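Asks: From first to last, the protein sequence lines stand for chains A and B.
Counting the first sequence from 1 gives a position; our numbering is that position plus 2.
Counting the second sequence from 1 gives a position; our numbering is that position plus 543.
Rather than coming from a laboratory, the hints here were simulated on the basis of the structure.
Check the hints yourself; a few may be wrong.
Each computed SDA-like pair below joins lysine to any residue, with the alpha-carbon atoms no more than 25 angstroms apart [as the list claims (entries may be wrong)]:
| # | chain 1 | residue 1 | chain 2 | residue 2 |
| --- | --- | --- | --- | --- |
| 1 | A | Lys206 | B | Cys650 |
| 2 | A | Lys307 | B | Asp658 |
| 3 | B | Lys589 | B | Leu659 |
| 4 | A | Lys206 | B | Leu634 |
| 5 | A | Lys220 | B | Met544 |
| 6 | A | Lys230 | B | Met544 |
| 7 | A | Lys306 | B | Lys666 |
| 8 | B | Lys637 | A | Gly231 |
| 9 | A | Lys310 | B | Arg622 |
| 10 | A | Lys230 | B | Ile612 |
| 11 | A | Lys150 | A | Gln77 |
| 12 | A | Lys220 | B | Ile664 |
| 13 | A | Lys230 | B | Asn615 |
| 14 | B | Lys700 | B | Tyr677 |
| 15 | B | Lys637 | A | Lys150 |
None of these values were measured; they are calculated from a predicted model.
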Amino acid sequence: MFVQFTRILKFAFQSFFRNFWLSVANVTILSLTLIVINFLIVFNLLTMNAIDIVKDKVDVSLYFKQNIAIADIEQVKQKISQSPDIKSVEYISSEQALAIFQDRHKGDVDISKTIEDLKKEDGQIFNSSLKIKAKDIAMYDKILSELKSNQYSNLFDIDENQFRDYTKITERLNNISAKVELVGYIVSLIFIIITLTMVYNSIKIAIYTHRDEIYIMKLVGANTSFIKGPFFIEILMSNIIALLVVMGIVYGLSAIIQPFIDKLFEGYSVNIIAHFNENFVLIFFGQFLVSSIFSVSSSYIAMKKYLK
Amino acid sequence: MIKLTNVSKFYSPNVWALNKVSLQIQAGEFVSVVGQSGTGKTTLAKILFAEERPTEGEIIVGGWNITNIKENDIPFLRRQIGFIFQDFKLLQRKNIYENISFAMETCGMDAKKIDLIVPQILKIVGLQSKKDAYPYQLSGGEQQRAAIARALVHQPKFLIADEPTGNLDSINTREIIDLLIRINKLNTTVMLVTHNRDVVNGLNKRVITFEGGRVISDQHNGRYIL
Numbered sequence: 003m004f005v006q007f008t009r010i011l012k013f014a015f016q017s018f019f020r021n022f023w024l025s026v027a028n029v030t031i032l033s034l035t036l037i038v039i040n041f042l043i044v045f046n047l048l049t050m051n052a053i054d055i056v057k058d059k060v061d062v063s064l065y066f067k068q069n070i071a072i073a074d075i076e077q078v079k080q081k082i083s084q085s086p087d088i089k090s091v092e093y094i095s096s097e098q099a100l101a102i103f104q105d106r107h108k109g110d111v112d113i114s115k116t117i118e119d120l121k122k123e124d125g126q127i128f129n130s131s132l133k134i135k136a137k138d139i140a141m142y143d144k145i146l147s148e149l150k151s152n153q154y155s156n157l158f159d160i161d162e163n164q165f166r167d168y169t170k171i172t173e174r175l176n177n178i179s180a181k182v183e184l185v186g187y188i189v190s191l192i193f194i195i196i197t198l199t200m201v202y203n204s205i206k207i208a209i210y211t212h213r214d215e216i217y218i219m220k221l222v223g224a225n226t227s228f229i230k231g232p233f234f235i236e237i238l239m240s241n242i243i244a245l246l247v248v249m250g251i252v253y254g255l256s257a258i259i260q261p262f263i264d265k266l267f268e269g270y271s272v273n274i275i276a277h278f279n280e281n282f283v284l285i286f287f288g289q290f291l292v293s294s295i296f297s298v299s300s301s302y303i304a305m306k307k308y309l310k
Numbered sequence: 544m545i546k547l548t549n550v551s552k553f554y555s556p557n558v559w560a561l562n563k564v565s566l567q568i569q570a571g572e573f574v575s576v577v578g579q580s581g582t583g584k585t586t587l588a589k590i591l592f593a594e595e596r597p598t599e600g601e602i603i604v605g606g607w608n609i610t611n612i613k614e615n616d617i618p619f620l621r622r623q624i625g626f627i628f629q630d631f632k633l634l635q636r637k638n639i640y641e642n643i644s645f646a647m648e649t650c651g652m653d654a655k656k657i658d659l660i661v662p663q664i665l666k667i668v669g670l671q672s673k674k675d676a677y678p679y680q681l682s683g684g685e686q687q688r689a690a691i692a693r694a695l696v697h698q699p700k701f702l703i704a705d706e707p708t709g710n711l712d713s714i715n716t717r718e719i720i721d722l723l724i725r726i727n728k729l730n731t732t733v734m735l736v737t738h739n740r741d742v743v744n745g746l747n748k749r750v751i752t753f754e755g756g757r758v759i760s761d762q763h764n765g766r767y768i769l
């Protein structure tokens, strides 16, 4: 058994290197297919992160009318927090709101002057507010209608503009992502078809090249598995080499584009290499498994037809 | 050893290669199968070798009914039967030693056994000194001897030679026939498919004559009668 296996390996290696350029063509087309799939993985990672970041920014603010007692605000906060759809409710006092505004416009002389003037006229420039975040972006409509019908709704005004803007951005991102993914799937499918055709034809050529050896093998009573084995091993070798090539390209390109990603997602941690490392087995072993199943099936069909 | 009962091979209702052929070949016999081209001789050889399937009838080789042999069992049948052709079918990129050892390698024989058996077989066919030569460096007779050596690697009980002298001159033909006789004396049944009248008449062994896919004559110590 071991002797048979080592000979199958030997014949597979011989055939791989004797038909070197055919093997190179196989590896290239398998690599291209895997590159397209990995591009989709990276694209998916980036769009998912972008959408999460936008979703994280979405909130609804309740601005309390002036001179509402803090106890009432606390009661409203407590009431809203009880809803299972709410992730967090943050109280921002009028002083905190002013401090945030001043910090944001630090160094702007005109704004500082206006604030000072307003302070002299009227002690309270900003109203106290509650910043509400939902567990899921889809829940905001329900939360808004609940707030509007709340028994305390006469105490506050609802600012839902920010929520509406971010919802539009999220929808747009989802649309772009879906379109690019669709194109990606179509390109992947085209590459998979090309790969299957290529593998099928290369096996056909390999069988033709080895027709004399195959005939002699059959003549002297070699097992079918021994005759077919080298072709399967050869195509698995192409898959392994293609995977190594693609891993090199993926990690190389990821290292090059990571600084741009860091800039794009400033303040958030989006690391492509870390993503590939964390999901290494799933991504690369999965790709190897799927591409091997496809190419070995294609080889099997070619052998069934041409090895008679 | 070999028993065919009413074996036919039809390609269409009106086109046949064999038509109700029945014959028996005993172990250790040397049988010549003769007939003009297209009379079914090669089809008979191919059926015995399971390269073709009969349309009807029964075939028993060494007590094994191979009429409906399964694909997976064909290699085991072929390891019991040696086969040689008119055109030798040697691998041009391998030398003589490699041509013979390749046949053993593909059947899973271990390297030590191969190193032991190949020189012995080369000695039997008289090619010890040519083991490193490539087929194109040998004469037709030497190439056929190499092909016989390859057919002998599994020490077959039955050797089928399909027109083995078809491409050879008279001297090489004589050498090959002498070699087949020697192999037969080592207790291997030999079936020689030929239409070479001189070879058949010189053998003075059993002759089965085919015509139109049928056996028209089966004579012990026979002669070429067509």
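Asks: Now, for every hint given, state plainly whether the structure supports it.
Replies: Cross-check of the supplied hints:
no., hint, result
1, A:Lys206 <-> B:Cys650, "holds, 24 angstroms"
2, A:Lys307 <-> B:Asp658, "violated, 36 angstroms"
3, B:Lys589 <-> B:Leu659, "violated, 31 angstroms"
4, A:Lys206 <-> B:Leu634, "holds, 20 angstroms"
5, A:Lys220 <-> B:Met544, "holds, 23 angstroms"
6, A:Lys230 <-> B:Met544, "violated, 32 angstroms"
7, A:Lys306 <-> B:Lys666, "violated, 40 angstroms"
8, B:Lys637 <-> A:Gly231, "holds, 21 angstroms"
9, A:Lys310 <-> B:Arg622, "holds, 19 angstroms"
10, A:Lys230 <-> B:Ile612, "holds, 20 angstroms"
11, A:Lys150 <-> A:Gln77, "holds, 16 angstroms"
12, A:Lys220 <-> B:Ile664, "holds, 21 angstroms"
13, A:Lys230 <-> B:Asn615, "holds, 13 angstroms"
14, B:Lys700 <-> B:Tyr677, "violated, 28 angstroms"
15, B:Lys637 <-> A:Lys150, "violated, 90 angstroms"
When each numbered hint is compared with the structure, violations occur for hints 2, 3, 6, 7, 14 and 15.
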